Amino acid sequence: MSNRAKLIATGKPFAFDQERDAEFERLVKRYPTRESMILPSLWLTQEQEGWICAEAIEYIADRIGTFASQVYECATFYTMYNLHPMGKIHICICRTLSCWLRGKQEIVDYLKGELGLVPGEVSPDGKYSLEEVECLGHCGSAPVVQVNGEFHENMDVDKLKTLLATLK
Amino acid sequence: MEVKILSAKFDIKDAHKIEVAKQHGAYSRLEKLFSMEPSAVTEEVKNSGLRGRGGAGFPAGLKWSFLPKGLDKPVYLTVNSDESEPATFKDRFILVRDPHLLIEGIIICCYAIGCHNSYIYIRGEYTTQCKALQKAIDEAYAEGYLGEKVGGHDFKLDVTVHRGAGAYICGEETALLESIEGKKGQPRSKPPFPAVEGLYGCPTIINNVQTIASLPYIIENGADAYKQYGTDKSPGTHLFGISGHVNKPGMYELPLGLPIVEVIEKVAGGVLNGKKLKGIIPGGSSTPVQTPEEAQDLTLDYESMAAHKTMFGSGGIVVLDETVDIVKLVENLIEFYHHESCGQCTPCREGLGWMLKIVKKILHGEGTVADVDLLRELCDNIEGKTVCVLSAACTMPVRSYLDKFRHEFEAYVKKEASSGAAQKQG
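Listed in order, the protein sequences are those of chains A and B.
For the first sequence, the numbering used here begins at 8 and goes up steadily by one.
For the second sequence, the numbering used here begins at 57 and goes up steadily by one.
The following block holds chain A by itself, in its conformation from the complex (with noise of 0.2 Å):
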């Protein structure tokens, strides 16, 4: 099994605090049947705690009623999901097409040399996680950089410097 699908017990139990469980009552109507809020829920999780863990998993299956294996299929083919923890500030670096063709490359090197961040990773410190994604729709103001899921067009080296000083 790769590592990304490998899930990760905390030891301690899970629950969605008020706010989640608010949203989930709230969206749960919504819905004909319960397993429609296996996507929401493995969402509003990692809302609440920046992954998923493994009593996560068992928690969202309790209360939709539904496998603990369907949901564990869902949160390991679904991308975004993070079932390990991220570094604080998680860069995604759009590596599709334009992207690619306007220069993603030099932002993917310049993070490697520098921060030594591989895509894939979370820095030894916790503080930085890098993945390449795939087109992430942003193609004319490429190359285009996700972090902490807020979007940064028309991307360069030296905007990106700068963009990871203000956040430090």
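Hint data in this document are derived by calculation from the structure and do not stem from the laboratory.
Accuracy of the hints is not assured; some may be wrong.
[Unchecked claim] Derived pair list, reagent style DSS-like, types lysine-lysine, alpha-carbon separation capped at 25 Å:
(1) K73(B) <-> K187(B)
(2) K36(A) <-> K304(B)
(3) K304(B) <-> K60(B)
(4) K384(B) <-> K95(A)
(5) K13(A) <-> K240(B)
(6) K36(A) <-> K191(B)
(7) K13(A) <-> K239(B)
(8) K384(B) <-> K331(B)
(9) K384(B) <-> K36(A)
(10) K36(A) <-> K240(B)
(11) K36(A) <-> K239(B)
(12) K166(A) <-> K205(B)
(13) K36(A) <-> K212(B)
(14) K212(B) <-> K78(B)
(15) K384(B) <-> K119(A)
(16) K332(B) <-> K384(B)
(17) K36(A) <-> K205(B)
(18) K239(B) <-> K119(A)
None of these values were measured; they are calculated from a predicted model.
Fit chain B to the known structure of chain A by using the hints.
Quick look at chain B alone, frame taken from chain A:
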């Protein structure tokens, strides 16, 4: 060349806010809408010739008419906001700059098809766009345009945003349905088609964001007004995305039917830094590439694209200049499709991985002519042998690069073993 039908409110400050949107016409079509029979709405959309703007170009009104009548099951509308085809970047402008246009379009479609529950499937990566969309939906509920009585009329409608989580395949309509149902996005065999058996086994219409957002204009101005734009068989306007090696990349709304070379020159400022053009990807990464010679008489409509053995697709134009290494480009594309394969069909799951290994071997200087031939052969042995067309989305363009730029692949191929042996003996 540019027009402002879909993008009419894009440059108006705060047009995403309902009060500003309403000042510029948002929800003004509802009175007319609810005075029409639902079937009349479908007829108007059929007559407009509106074709699906997600990439397949299937006539929208015709799709709606496939819904069976008198079934004792709810009808669903799912709006496809997965927008993941490389080179495509259009729907997110609607979500952020004029979300109420989309919501009004959803009301129009749902009234026509008798749907009271609509889901917007938005790709997980669109974080800020999702927040903007949800905010607009909340505003619409607060002002009574969604909920128990839409616009005060006896019509109930709920709209729910369902976030994807990183799978290109979930833009495929049946994989999208699987994803809403809480499963892996693995496409279903068709038939049955979603219009008959779709979401939760019920009749379902899946339409792209831009297709739905085109509806308010058609209802307000009529089918004939819409047909003033574009060509006979490809009416209307499209949010084209132009990227790659151009001086002014960006999203531009244009009527269909314009010459692609003229658009690249006049709208996107021509090839970047005046370099020579090597090729054009006309409508998203899945569309076969066009050489500069072929592009001379290519116009941006479905018919011209088909005649050139390529596709209009999502209207994502990518310009390739003389510096592009076609073999590396092919590697970049195959890697994308291989990553995004859902894995259920052997020819795609294994075949795309095999194609990737071959092109990497060629790039490392270890390939032979036989490897280039094999890569070409695989294109014919994967396409058409899978449940969905993701595999074809890979093999169709790769075939075109191999056929039109074969010399670049052969340049990587190592010298024949015989010449090496001859040198040793000499």
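Satisfaction of hint between K36(A) and K384(B), Cα-Cα up to 25 Å: violated, 49 Å
Hint consistency between K239(B) and K119(A) [alpha-carbon to alpha-carbon, up to 25 Å]: Outside the cut-off at roughly 36 Å; violated.
25 Å Cα cutoff - pair K36(A), K205(B): Answer holds: K36(A) to K205(B) is near 18 Å, not above 25 Å.
Given pair status - K95(A), K384(B), alpha carbons within 25 Å: Answer violated: K384(B) to K95(A) is near 33 Å, above 25 Å.
Given hint K60(B) paired with K304(B) - CA-CA distance at most 25 Å: holds, 19 Å
Satisfaction of hint between K119(A) and K384(B), Cα-Cα up to 25 Å: holds, 21 Å
Holds or violated: K36(A) to K240(B), with C-alpha atoms at most 25 Å apart: holds, 22 Å
Pair hint outcome, K332(B) versus K384(B) [Cα-Cα no greater than 25 Å]: holds, 19 Å
Agreement of K212(B) and K78(B) with the hint, judged by alpha carbon distance not exceeding 25 Å: holds, 21 Å
Hinted pair K36(A) and K212(B), Cα distance within 25 Å: holds, 15 Å
Hinted pair K166(A) and K205(B), Cα distance within 25 Å: Violated, because 49 Å separates the two Cα atoms, which is more than 25 Å.
Proposed proximity, K239(B) with K36(A) (alpha carbon, max 25 Å): holds, 19 Å
Of the numbered hints stated above, those contradicted by the structure are hints 2, 4, 9, 12 and 18, listed in ascending order.
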